[in-house]
Amino acid sequence: METTRSKPLRFYFALPRLLAKITGGDARRSENNGFEAWIVSVATYLICYLFFATRLVPALRPLWLQIFVSLLLFFAVWFLWVFILHVDAFLIKLIRSSGILRDLPIRRAQSILIMSLSSALAYSLVMAGSIVSVAALVWLAAVVLNISAAMVLRLTHD
Amino acid sequence: MRRSHNFIRRFAVRGVFWREYLDWAAINLPFYFYPVLMVFWTLFFFFFAVPARRAILGNLRIVLPGSSRAMNYLRAFRTLYQFAWTITEAAIYRANKVEFAYEIAGEEWLEQLASARGAIVITAHMGSYDLGAALFAQKFNREIRIVRAPEPDKQTAQHLAASLEQAGHGAVKVAYNSEGALLSFDLLNALRRGEIVSIQGDRMEGDIAAGSGRLFGTEVPLPNGPFVLGLAAHVPIYPLFVVRSGYRSYQIIAHEPILIARNDRTRDEELARGLSQWCTVLEKTISEHWDQWFAFTPIFSSYGDNS
Chain A
1 METTRSKPLR FYFALPRLLA KITGGDARRS ENNGFEAWIV SVATYLICYL
51 FFATRLVPAL RPLWLQIFVS LLLFFAVWFL WVFILHVDAF LIKLIRSSGI
101 LRDLPIRRAQ SILIMSLSSA LAYSLVMAGS IVSVAALVWL AAVVLNISAA
151 MVLRLTHD
Chain B
159 MRRSHNFIRR FAVRGVFWRE YLDWAAINLP FYFYPVLMVF WTLFFFFFAV
209 PARRAILGNL RIVLPGSSRA MNYLRAFRTL YQFAWTITEA AIYRANKVEF
259 AYEIAGEEWL EQLASARGAI VITAHMGSYD LGAALFAQKF NREIRIVRAP
309 EPDKQTAQHL AASLEQAGHG AVKVAYNSEG ALLSFDLLNA LRRGEIVSIQ
359 GDRMEGDIAA GSGRLFGTEV PLPNGPFVLG LAAHVPIYPL FVVRSGYRSY
409 QIIAHEPILI ARNDRTRDEE LARGLSQWCT VLEKTISEHW DQWFAFTPIF
459 SSYGDNS
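Protein chains in written order, with my numbering: chain A, 1 to 158; chain B, 159 to 465.
Read the hints as simulated data drawn from the structure, not as lab findings. Here a beta-carbon is modelled for each residue, glycine too, at the ideal position from N, C-alpha and C. Errors might be hidden in some of the hints.
Stated by the list, open to error - Just so you have them, the derived chain A footprint on chain B, three or more residues with Cβ under 8 Å: (1) 190-199; (2) 246-259; (3) 391-398.
Construct the complete structure from the given sequences, taking the supplied hints into account.
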């Protein structure tokens, strides 16, 4: 463990790291950016929430039931994520037991699964053509840009 | 029957299940997954940890007089939210050895403490005292002995002690103030050998010696053990706090030491003077960081509100 007195601006995701590199900043990976953590945390949650809300809520009548289910979904999505995270952890354990991904920290492997799942939900939202597909498109665009940035960073040895 | 009772106890608010779950999360979750989860878990405990919530509300009534009841409920939520982040970040620190940032206020006192031959650190249930002890032990390469109140749940107590010692890489030792006179002699010997002993001085828990202090205009019983020890061992007492200043960021606040010595005053007068100095520092720190005062017991109700 390392402790630092000041906290230099660093990022976890490849896209801001590449931007930092272009503007002369620090492109090394860090999990210490609170802003980045909040943005991605809210976005991941929101994509999942919108996926279920757009499928369940519009069909409901009357209005109070729509509002009630919308509120209930906030907590249901939380429970769902807790469940998914446990399933993911089990899958990662299984994969690692066969000798694959052993060098990758579990939380990074978990990250790949979460991002894949969120992107699949976002894709489904876009395909459904609902009013929230703009948010899903933004997510997908960010994922594509991030993967591209990761490749650029890899090619430039960062 | 007993086995099933023990199993259910694991899931109580102060049960070991939640601590173990936190350790699991620290290893298994990507860093960006915490913020939203933290809001939901805080909501969960805000509703289910009723005694803790009530204690925070009771303490806030005195710390922030004139504040409305509704506002204090929001503040209680904020306190539990800060607590959730604090214990989570401590678990992340232990599990992943990731980088944390910190800044120091009162650096000269901290340097003095690090080079002292025998000293007492007096702190509060505030911010991340666990993380602080580990940081201190690592930064100054010194052993530190932490005295804390025992957890009501035995398994949680064992888990916490093991976690603390793990975080401090063996340089942090934990002792419980329930061990009575034996512990006092043990601590006195440790101080005379030149060690550093850390004691939480903001909350009475169990059958420990009390002095009367004054916080926010209210008389409160506070542990006077640190001052008795300081007097017996002739060592300075350093008020020290580690508060969370942001995402994975902490502030270490060190204050001028409280010196207790035999002089023309009587022993009791000298102890009362030390306690009074501590109360001044503690009150100032709580005023500035009320959302990180994790004394989840009603501090001001023991003597009644006699402000």
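Do the hints match the structure? See the list:
For the region 190-199 of chain B, the proposed coverage by chain A is satisfied: 7 residues have a C-beta within less than 8 Å of a C-beta in that chain, meeting the threshold of three. Evaluation of the coverage hint for the region 246-259 of chain B: fulfilled, as 7 residues show C-beta separations to chain A shorter than 8 Å, against a requirement of three. Evaluation of the coverage hint for the region 391-398 of chain B: breached, as 0 residues show C-beta separations to chain A shorter than 8 Å, against a requirement of three.
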